[in-house]
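Student: Take the sequence shown: its letters are residues 1 to 266, numbered as in my numbering.
No lab work stands behind these hints, which were simulated from the structure alone.
Hints should not be assumed to be uniformly reliable.
Pair ranges (Cβ atoms, derived) [unchecked claim]: (1) Gly-200 with Arg-128: 45 to 51 Å; (2) Arg-132 with Ser-76: 16 to 22 Å; (3) Pro-125 with Cys-248: 54 to 60 Å; (4) Cys-248 with Met-212: 51 to 57 Å; (5) Thr-93 with Pro-41: 43 to 49 Å; (6) Pro-41 with Arg-209: 30 to 36 Å; (7) Leu-243 with Arg-209: 40 to 46 Å.
Note that this is a predicted model, so its numbers are computed, not measured.
By construction, the Cβ of each residue, glycine as well, lies at the ideal position given by its N, Cα and C atoms.
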Amino acid sequence: MQHLIRVAEGGGSSMRLVTLSPHTAASLAARVGRNVEWALPVYPFKPDVDCLNTSSTMYSLQTCLRGFSIQGRFSSQRRNYSTLWQQLASRRTDLTAGLTDARFHINMLGKGAEQRLRLPGELQPLVRLHRRLPFRDFYNKLHHSFAIVPLFGSSRYLTHKFSSSIISSLISGTPLIASRGVLAAYGMLDERSVFVQEKGDRELDVMLRVIMMAKRDLLAVREGVLEARRKANDRATVFYAELLTESCRAAASRKGTGSTMAEAAV
């Protein structure tokens with residue numbers, strides 16, 4: 001961040017500054033006293049089996065979606081694992097019986113030492129580790145999750161840092177469990193594209209509500225994610241098209257100036 005600020009402060013007046021989200025743009029603008037834009041191009045991942053189209057496949061939505069995912073490097077500084085472990089421990093009996101027995105678990109996708117998770121032994125049956133998955137396997141696993149849980153370990157993700165959980169949600173087409181603070185910071189998301197974690201809700205409270213949601217409601221939120229992705233890509237397309245146009249014009253102008261100077265010298 002400090003290096004970026006030094007580059008921004010030393011850049012010419014024609015240099016355009018861009019970040020990946022509204023809140024990071026606002027944070028950088030406040031630091032450097034210049035206009036900062038944001039654009040978030042998103043890869044439109046196509047899963048092997050699309051849970052939005054289970055009616056046309058041998059899969060049902062009930063079998064297509066399993067568990068909840070936490071993605072990213074295993075680090076207690078990035079993710080507040082202990083809070084989630086406490087929540088799971090408080091409902092461990094419920095989570096291993098009845099409907100949730102087959103459908104509830106936590107997928108940990110990322111890399112790093114397992115010890116960093118500090119996972120209590122009694123919760124191990126509820127947590128599945130997936131280390132260093134290849135690209136397609138990683139996003140297929142995310143896609144087949146009910147939701148992605150950001151589990152932020154720092155409030156900085158709401159002020160001046162960008163979370164990879166947001167881009168992972170948009171790429172995979174899987175909704176986030178998101179607080180009002182997340183929605184305020186990441187303006188490309190709204191209530192139609194996330195499972196809202198209201199004030200007073202724990203992450204586990206939202207997860208259990210999601211598991212019991214009707215099919216049409218689950219699908220509606222996933223459609224919302226794809227719409228958010230389309231809008232993000234439309235915005236990014238406009239931004240980078242303008243940038244390329246400006247660059248081409250500037251290059252043509254420099255070329256014309258060079259030709260004129262050469263002719264004058266002759």
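Student: Which hints from the list above does the structure break, by number from lowest to highest?
Tutor: Violated: hint 1 alone.
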